[in-house]
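Peer 1: Could you put the whole structure together from the sequences, leaning on the hints where they help?
Chains as they are written, first to last, in our numbering: chain A, 67 to 215; chain B, 67 to 215.
Since the hints were made in silico from the structure, they are not lab data.
Each hint can be trusted.
From the derived model, a few chain B residues whose C-beta atoms are all more than 10 Å from chain A:
1) Leu104
2) Pro105
3) Pro135
4) Glu136
5) Ser137
6) Gly141
7) Ala144
8) Phe189
To spell it out: a stretch of chain A is covered by chain B in this simulated footprint if at least three of its residues, at any positions, have a beta carbon under 8 Å from a beta carbon of chain B; those stretches are:
9) 74-86
10) 195-204
This one's a predicted model, so the numbers in the text were calculated from it and none came from an experiment.
C-beta: ideal position from N, C-alpha, C; glycine also.
There are 2 protein chains.
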Amino acid sequence: MKLGRLNHIGVATPSIADSIAYYRDIMGATTVGEPFDLPEQGVKVCFIDTPGQSGTEGTQIELIEPLGPESTLSGFLARNPLGGQHHVCYEVTDINEARAWFEGLGKHILGPTRIGAHGTPIFFLHPKDMMGVLTEIMETPREGSDWSN
Amino acid sequence: MKLGRLNHIGVATPSIADSIAYYRDIMGATTVGEPFDLPEQGVKVCFIDTPGQSGTEGTQIELIEPLGPESTLSGFLARNPLGGQHHVCYEVTDINEARAWFEGLGKHILGPTRIGAHGTPIFFLHPKDMMGVLTEIMETPREGSDWSN
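Peer 2: So this is what it looks like as structure tokens:
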């Protein structure tokens, strides 16, 4: 496997509304997405854009807030009530190849490959096998793709 | 302030040597810097490059390992023995303006402005004021600059 783009870092927050105000008013973010629910993951999501080099798109901040007390994120926020860094997400060109790669290495994959916040297939790898970092692998969005089948 | 480039994310590790092997052999990193000591911060540092969009430089992974038991990082690793996400670092064009901005907002700045791992001035902001995220602010490197005075 070849290391892909760091698409986003996931930042847990008890309140996406408060985080949006923070990134906009304190950190000076100019491009803030519309929050939306991702019920499969039990989270509400909002992307904050950061600038990349030479006018390109940089790594995004993915704000994630629990959708309810059953969310897997609730435990993280119980330990970190202010929120905090939750995961990192790297892009790959082929999600099936990437899954086979990590499976072949005996890495613990958390659940099936599913559709993530950017509408492309993703899976998560357990931090215990990834030097302590919860790691999401995401297929790079391509124009004209149809992931619904 | 305007949100700058996410220069790097800081990832704590008990062993930079093990992390280099992990990023190279498991994650497929192709550009791995030479590790070096940063005694002012009590850490050994190594940068892993990730690709940005359209051939640009992406956000780096800054591996940090305690230089000794007195390192401020030792407490983090005692709580997270495998390592884990430690901080994020955003670029600004003027470090003094940025410091004045955060001071004016009453944010808790950790120590004086000093020279960071990329050779430009940096400071850290306490996670309690930054939605739980330890945040480094770093002046963008410029050619021909002299930070020694």
